[in-house]
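S.K.: Residue numbers (the working numbering), protein chains in the order written: chain A, 719 to 1071; chain B, 2 to 61.
Fair warning: there could be bad hints in the mix.
Quick list of in silico lysine to aspartate or glutamate cross-link-like pairs, DMTMM-like style, CA-CA up to 25 Å [what the hints assert, rightly or not]:
| id | chain 1 | residue 1 | chain 2 | residue 2 |
| --- | --- | --- | --- | --- |
| 1 | A | K988 | B | E26 |
| 2 | A | K727 | A | E747 |
| 3 | A | K749 | A | E728 |
| 4 | A | K988 | B | D25 |
| 5 | B | K15 | B | E43 |
| 6 | A | K864 | B | D47 |
| 7 | A | K985 | B | D47 |
| 8 | A | K727 | A | D811 |
| 9 | A | K749 | A | D721 |
| 10 | A | K985 | B | E26 |
| 11 | B | K38 | A | E1019 |
| 12 | A | K1066 | B | E35 |
| 13 | A | K988 | A | D1062 |
| 14 | A | K969 | A | E992 |
| 15 | A | K1066 | B | D25 |
| 16 | A | K864 | A | E908 |
| 17 | A | K864 | B | E35 |
| 18 | B | K45 | A | E1019 |
| 19 | B | K11 | B | D25 |
| 20 | A | K770 | A | E798 |
| 21 | A | K749 | B | E26 |
| 22 | A | K1043 | A | D1062 |
| 23 | A | K727 | A | D827 |
| 24 | B | K38 | B | D25 |
| 25 | A | K1043 | A | E1054 |
| 26 | A | K988 | A | D961 |
| 27 | A | K1043 | A | E995 |
| 28 | B | K38 | A | E728 |
| 29 | B | K15 | B | E35 |
| 30 | A | K864 | A | E798 |
| 31 | B | K45 | A | D1062 |
| 32 | A | K985 | B | E43 |
| 33 | B | K45 | A | D873 |
| 34 | A | K955 | A | D811 |
| 35 | A | K1043 | A | E887 |
| 36 | A | K749 | A | E992 |
| 37 | A | K969 | A | D721 |
| 38 | A | K985 | B | D25 |
| 39 | A | K1066 | B | E14 |
| 40 | A | K727 | A | D961 |
It is worth saying that the hints were derived from the structure and are not from the lab.
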Amino acid sequence: MSDIQPFLKELLSAPGLSGFEAPAAKIIEEKWRPLVHELSRSRLGSLHGLRKGTAAGPRPSLLVAAHMDAIGLMVTGIAEGGFLRVTAIGGVDARVLPGQPVTVHGLEDLPGIVVQPSARLLPSEIGDKPAPLEHLLVDVGRLPRKVNELIRVGDPVSFAQPPLELTGETLAGHSVDNRASVAALTVCLEELQNRPHAWDVWAVATVQEETGLIGAYSSSYQLRPQIAIVVDTSWAKGPGANDWNTFPLGKGPTLMWGPNIHPALHKAFKELAERLEIPHAVEITPLHTGTDAVATQVTAEGIPTIALGIPIRYMHTPVEVVAVKDIQRAGRLIAEFIAALQPDFMEKATWEE
Amino acid sequence: MPTIGTTQIKLLEKLCNAMAVSGDEGEVRAMVLEEIKGHADEVKVDAGRARQRAGNPRRC
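With the hints as constraints, model all of the structure from the sequences given.
M.R.: Structure (structure tokens):
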């Protein structure tokens, strides 16, 4: 199995906020080009890679999707002194922002730092608590005149913290949600290079998941697969995160289970993981999963969907932590599922009800 | 106007006592299909959770 870590690190070093995914898309495109037969972009900017199956046409097709967009910030105003006021694109955990390096994508890319004004400049009710986002500022270190020249309200601001390799084959960085899953899809595509598969496979890196599952809706409608497999991140166990909703880091991906998930697909994945002795956990998702799977499930006349989760710590902070092993296991499990898929899988699928 | 009689109350009771948690509506779906089969030329179940398929031997 190839080492996915260099690709993931490259991807984690790139911006690509929801609606502004081009820098990430470019890197994924280069990586996927030799792994697929056709590569294209949707009208919204999602990346579609096609691996043709071996079954006689018309072949069934499946979609395997991971969103490539990342959460970040957007300039809402330029305060006195040339400091930027910002709001969030997606669900940002503002408590960990002060001190973070960022890139302001103005007329040119400008390095900046998120700062929290001193307590005496903040409303007294904030006290010693972390300041909410509306009180934080971005300092780009330039004179106000220059700031006004280079930066406009609406410019995106991405996290610039480079990925950090921790020991034990774990990585910390921004956008691990969901570039880790894009890496898992890449592992899957690499595995499929030497594995014949009956079904057509659409590998899709979707846009704008963090702001409303947007790319997953349009791509699943455009491609109309018979099955959708969605990969996103889940919550790894960690300080203050040990309930039923959390899973150990480095112990394999989760197989989500709930109304969002098709029973026959869940059963097939569970049995396959057990047979191949790929560590995994069942993640209970009693409501919608909060992933692209919500979109694929209800697109067109409904697409049977399964979602896998890669556990990460500190979700929606710039220091999300992931175990590389879990990425490889998720990718391999999906590749094995695809390689074993018979053309009439959905016709023959049965399940207890 | 249709009237509500014992038959309807019995049906309501049966439906209310059926298990149909979101995503697992099979029991109540089977009852509905049974009730409407004499009144429709064709019955289809959509792919929503894609649980029901025409021709599936486990179905109605």
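S.K.: Return the numbers of the hints above that this structure violates; sort them in rising order.
M.R.: 6, 16, 17, 20, 21, 22, 28, 32, 33, 36, 39, 40
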